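The residues making up each chain are set out below.
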Amino acid sequence: MTELRSFGERYATALADPDVRGGLTAFQRGWRVSRDAAIGALEEQEGRSFAELRAELAAIKDRVLADWEHHLDTFTANATAAGAEVVRVATPGEANALITERMRAAGADLVVKGKSMVSEEIGLNTHLEAAGLIPVETDLGEWILQLAGETPSHLVMPAIHKRKEVVAALFERVLERPFPPDDIDRMVKAARTELRERFLSSSVGLSGANALIAEGGAILLVCNEGNNRMSVALPQLHVVTAGIEKLLPTYADAMRQVRLLGRSATGQPITVYTNFLTGPRPGQEQLIVLLDNGRTAMAADPDMAAALRCIRCGSCANVCPPYGVVGGHAFGHVYTGAIGLVNTAFHHGLEAAAGPQSLCVSCGACATVCPVEIPLPVQILEVRERVARDGRAGTATTLTRAALRAFQHRLLVDLGLRAVGVATTPLRRDGVTVLPGRLTTRGPLAQRVGWRTPPAVAPRPARDTLRAGRLEEPPRLADQPLAGRTVQLFLQCVSDRLAPAIPIAAAKLLRAAGARVTVPREQHCCGLPAYDSGEQDAARAMVRQTMAALADGADVVTPASSCLAMLGHDAPYLLRGDVAELERAQELAGRVYDLIGYLTAGPGRLPAGSLDDGDRTPVTVHRFCQASTTLGRGDAIEAFLRDVAGAPVVPLPEAGECCGFGGSTSVRNPELSAGILDRKLGCVDRTDASVLITDNPGCILHLRGGVHASGRRVEVLHLAEYLVRRLPGATSTSQER
Amino acid sequence: MTEQPRQDADTLVPPQRQLLRTRVEAAASTYHEVAGWEQVAAHLAGHADRVAIAPSLHAVRPDLAASLEQRGCTVVVPQTADPAADVADVPVAVVAGVLAVAESGSVLVSEHELRDRVVTMLCKRLVQVVAAGDVVDRLEDAAVWLAARAGRAGFASLMTGPSRTADIERSLTIGVQGPDEVDVLLLVGADAAIEEPTS
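Those sequence lines, one after another, are chains A and B. Going letter by letter, the first sequence gives residues 1 to 737 in this note's numbering. Going letter by letter, the second sequence gives residues 738 to 936 in this note's numbering.
Calculated directly from the structure, the hints in this document are not laboratory data. All values reported here derive from a predicted model rather than from experimental measurement. One or more hints might be untrue.
Said to hold, decoys possible - As a list, the in silico BS3-like pairs of lysine-lysine whose alpha-carbon atoms are at most 27 Å apart:
id, chain 1, residue 1, chain 2, residue 2
1, B, 861, A, 189
2, A, 164, A, 189
3, A, 164, B, 861
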């Protein structure tokens, strides 16, 4: 293994390489199609949903964790009876020393290696090389990286960040003959010839393990290339490196893992070779090295133990928008993708975890495809909190903490933003702040912010306009499902000051449907920005403040789906430590809605056609990522627009994928955020729609800024803003932005 | 998609076997039903004049080698201390599977000894022979076979198609370290049962 460079260097290198983003976007899109087809076919075959199948596998893994020592002992006893030597080691140092010593004792100088993430975790190659031994990677992707002096950027597709042109050039340099980039077959055959000699001359073979089957003392080892079969069969000594979390009780359990592993990893129903090894072959020795390296600590940590279910399929990376921009060298440490943001903290320490985890946009996509149902988004935020608490995270964290501490004070924020609103009046243009040209086109600031025009701070926040009696009586709808009902409007702190037209439109709409709308004055921020920044104490304080402000038992409706994700989903989790608080959080969660939820599944259900004003301008819809991933919402907005508003809706490709706002991510890592936004706006371009509708103000400000900065002519509207225009006798409300 | 005319023969083939065929072909192997070992020999001889036979198969079906030789083939059964060298340049090899899984189109091959493993690893074309009576529905059925041998040293592989990689730009390339071609032959004839070697 080549030593990892600092996170900052890895991030900069990834951004500077034009191949990375293009290649990874194509890879992610291709994987999505194959994986969805494979999982769909599996659901049909089994007559059970993916949710049921993965819950079953997760339960198996959890049962093992609950009785870990027993299963480890059973495995060890059975493997030993079959002739293997099983050694448990606590640290990478012990593992490396043991393997080096055994290789020396065997008189070996060459080791042929099948793919093993544990060997990467412990840095085995570096240690072997330092001891004068020669490790040869035999998985094609791993071999390419070894020749290039790099580490894997993906758990399953280690060299996916490399374009074929780069691989061809590498082969030309190393093998000293021409390789046309389009002739991948020729490259593969060359690798076969080169590696076969190594297989036949090596006296030690090394492999990982996809599972340790306690019932048989057997190793499950899957591969497609056939290299693993050679590296475990031909040499006189076979060394297995595996994490102790790889245990499964029975062969039948292993089959359940097999069913989900290939489909999740590559979209294959099963890998070409699914091998079950029990003990060494006649004439061979087998050493099984079982590594702890933080796993026991993980198992003892109730918030983190579920990450030990991981079967290393890599699917969490394949749907991850930041991964698609920078790849695994930046988005991860040795372990890449979302799981790498979690387990790195245990295997390589908080400092190694700090940089990569700051790239997560909290979109929640990873958790939707994980075949063992690991709550990755929640765990990443736990790690983020620990990193922040650790205090070694640097200036950015200190500044964030100070800002969030100040942000907790509603009146302070109110006063400050009113002042900014007045001061920036000359720069305000239709909802955005237009900075002097030289600031946005030249210099270091331009690179970081030029891709997104910042929003304007309104001189008058929404709460002023909505004060009782100030808002003119809106036209009423013929059907009034909310007649006689009081609705507390939760404005969302961002829209209140940066996009007041959104909560104002929501208030008008709710009143048009018959509701009495109140705006509780003590409301401020739901706590999401703090939670998202790893500042859980500040987040809890804001949740408590919000619960107090909304204590009146009436329905709460917010035009911000992100606040619903926070109050309806995350707040109970954050307050789980105190039963009374948890109950209050759950009580609030039970009566808080976002606008679309209230109008479609809540009490405010509007009849078909009731907002149809005859306008047939095509629109397209971006789905706030957490609405899909956390709130489980599908095409509710599209269906509502079609049925209730009569609007032609053009489907947006990748509609539910993050837009790149990601809360603090777009401030801390603007280049990453710009990359994700670019992918999103590219999808919008493909629809040819002139109106883009969504329902989360964070997304809206981000998308508007991107549209403005790129000179596109797409109007980005909140659902409420769009609908309020269709009320009988309505006029455009854009002056309120 | 046009509707396929219904074939009478289909009604005679058990659905399990139809599924196996579909899945085997989806994995990029070929599927054939053969009436007996003579047809296996004919299939092998049709592909090469040098054929390696897995020693475990040779032990229970020594007549296969004779049949191949009659057809003008040179037969290699690796028995020396360096079995990899014995089969290094043999283009076609044959092995018996202990069962085939219809669900996944896989053939379970048990090959504890190195001399058996080199046969399936090093050839270019691998022919896997399975008795029709040994076709099972699901992966769990293969788990039952494995569990019955739990704790005994062994090596068994569910093999599903020829070796492949997509490590360069996710571009599928067939034939890497393992065979480039795999033929699954289902024995449906009277002498269809394959004994398991006792060793």
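* When you check the alpha-carbon spacing of residue 164 of chain A and residue 861 of chain B, does it fall within 27 Å? -> OK: residue 164 of chain A and residue 861 of chain B at ~25 Å, within 27 Å.
**Prompt:** Are the Cα atoms of residue 164 of chain A and residue 189 of chain A separated by 27 Å or less?
**Reply:** 15 Å, holds
inquiry  = Against the 27 Å threshold, does the CA-CA distance of residue 861 of chain B and residue 189 of chain A hold or violate the hint?
reply    = Given that 27 Å is the threshold and the Cα spacing comes to 12 Å, the pair holds.
The earlier numbered hints are all upheld by this structure, with none contradicted.
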